[in-house]
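Just so we're on the same page, my numbering is the position in the sequence shown counted from 1, plus 2.
Hint data in this document are derived by calculation from the structure and do not stem from the laboratory.
Quantities reported herein were computed from a predicted structural model and do not represent experimental measurements.
Heads up, the beta-carbon is just placed ideally off N, CA and C, and yes, glycines get one too.
Incorrect hints may have been included.
[Stated by the list, open to error] Below 20 angstroms or equal to it, Euclidean Cα-Cα: the simulated PhoX-like pairs (lysine-lysine) are:
#, residue 1, residue 2
1, Lys-93, Lys-54
2, Lys-129, Lys-74
3, Lys-54, Lys-74
4, Lys-93, Lys-59
5, Lys-62, Lys-93
6, Lys-61, Lys-80
7, Lys-59, Lys-74
8, Lys-72, Lys-93
9, Lys-80, Lys-129
10, Lys-76, Lys-62
11, Lys-129, Lys-93
12, Lys-59, Lys-76
[As the list claims (entries may be wrong)] Ranges between beta-carbon positions, derived for each pair:
#, residue 1, residue 2, range
13, Lys-54, Asn-9, 17 to 25 angstroms
14, Thr-135, Gly-86, 20 to 28 angstroms
15, Asn-9, Ser-124, 25 to 33 angstroms
16, Ala-33, Glu-145, 22 to 30 angstroms
17, Thr-14, Gln-52, 34 to 42 angstroms
18, Gln-52, Ala-20, 31 to 39 angstroms
19, Ile-34, Lys-61, 29 to 37 angstroms
20, Val-150, Pro-44, 33 to 41 angstroms
21, Glu-145, Lys-93, 43 to 51 angstroms
22, Lys-76, Glu-148, 42 to 50 angstroms
23, Pro-44, Arg-117, 34 to 42 angstroms
24, Phe-114, Lys-93, 29 to 37 angstroms
25, Pro-44, Lys-125, 34 to 42 angstroms
26, Ser-51, Asn-9, 37 to 45 angstroms
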Amino acid sequence: MHPQLHNFSLMTWGEILATEESARDFLLHPAINLVPDRDQTPDCPQCGSQMKAISNKNKKFGFIFVCSQKYKTKCNGKVCPTQGTFMEGAKIGCQDILAIIFAFVLRMGIVFTHRQINQWRSKRNLKSMSSETIVDYFCYLREIAEVVASHNSKKLGGFGNYYY
3 MHPQLHNFSL
13 MTWGEILATE
23 ESARDFLLHP
33 AINLVPDRDQ
43 TPDCPQCGSQ
53 MKAISNKNKK
63 FGFIFVCSQK
73 YKTKCNGKVC
83 PTQGTFMEGA
93 KIGCQDILAI
103 IFAFVLRMGI
113 VFTHRQINQW
123 RSKRNLKSMS
133 SETIVDYFCY
143 LREIAEVVAS
153 HNSKKLGGFG
163 NYYY
């Protein structure tokens with residue numbers, strides 16, 4: 003379990019969302035597993051060799067996976083750590099994504115969430131976020147919740163009377 007999730011409170015969210023770096027570190031933590039960390043290297047999609055993490059400050063998480071055989075076999079396989087994850091294609095920062103997740107989990111309305119996030123972004127001198135972005139993320143989170151619920155359903159009722 004992530005250390006910040008032990009005795010979790012609203013104040014914990016404040017700590018996690020305090021900076022883009024703290025939000026990024028939270029997402030990269032192996033216990034959270036929303037984004038692989040530098041040590042969770044995938045296999046190269048081109049040659050199947052093990053990849054290695056290389057620093058790249060232009061990427062959201064500060065690194066990218068490249069094929070370890072790049073110089074031996076001239077393989078140019080690259081994988082972004084967000085590929086195939088919840089964060090793939092995200093154009094907003096980790097703080098904003100976690101704030102939207104927080105609002106979704108607490109069942110805050112879309113209009114309220116939009117207003118709150120834009121006030122917060124204004125304090126950080128960032129452009130306003132569109133309501134469409136909030137709606138898209140809420141829909142995506144709802145889809146994830148549906149998939150999780152459908153795979154973790156429990157049978158209710160007595161013999162021959164099951165409800166899913």
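Quick rundown of the hints versus the structure:
no., hint, verdict
1, Lys-93 / Lys-54, "25 angstroms, violated"
2, Lys-129 / Lys-74, "45 angstroms, violated"
3, Lys-54 / Lys-74, "14 angstroms, holds"
4, Lys-93 / Lys-59, "16 angstroms, holds"
5, Lys-62 / Lys-93, "9 angstroms, holds"
6, Lys-61 / Lys-80, "13 angstroms, holds"
7, Lys-59 / Lys-74, "25 angstroms, violated"
8, Lys-72 / Lys-93, "29 angstroms, violated"
9, Lys-80 / Lys-129, "31 angstroms, violated"
10, Lys-76 / Lys-62, "26 angstroms, violated"
11, Lys-129 / Lys-93, "13 angstroms, holds"
12, Lys-59 / Lys-76, "23 angstroms, violated"
13, Lys-54 / Asn-9: 17 to 25 angstroms, "36 angstroms, violated"
14, Thr-135 / Gly-86: 20 to 28 angstroms, "21 angstroms, holds"
15, Asn-9 / Ser-124: 25 to 33 angstroms, "32 angstroms, holds"
16, Ala-33 / Glu-145: 22 to 30 angstroms, "23 angstroms, holds"
17, Thr-14 / Gln-52: 34 to 42 angstroms, "35 angstroms, holds"
18, Gln-52 / Ala-20: 31 to 39 angstroms, "35 angstroms, holds"
19, Ile-34 / Lys-61: 29 to 37 angstroms, "18 angstroms, violated"
20, Val-150 / Pro-44: 33 to 41 angstroms, "23 angstroms, violated"
21, Glu-145 / Lys-93: 43 to 51 angstroms, "19 angstroms, violated"
22, Lys-76 / Glu-148: 42 to 50 angstroms, "44 angstroms, holds"
23, Pro-44 / Arg-117: 34 to 42 angstroms, "39 angstroms, holds"
24, Phe-114 / Lys-93: 29 to 37 angstroms, "22 angstroms, violated"
25, Pro-44 / Lys-125: 34 to 42 angstroms, "37 angstroms, holds"
26, Ser-51 / Asn-9: 37 to 45 angstroms, "43 angstroms, holds"
Of the numbered hints listed earlier, those contradicted by the structure are 1, 2, 7, 8, 9, 10, 12, 13, 19, 20, 21, 24.
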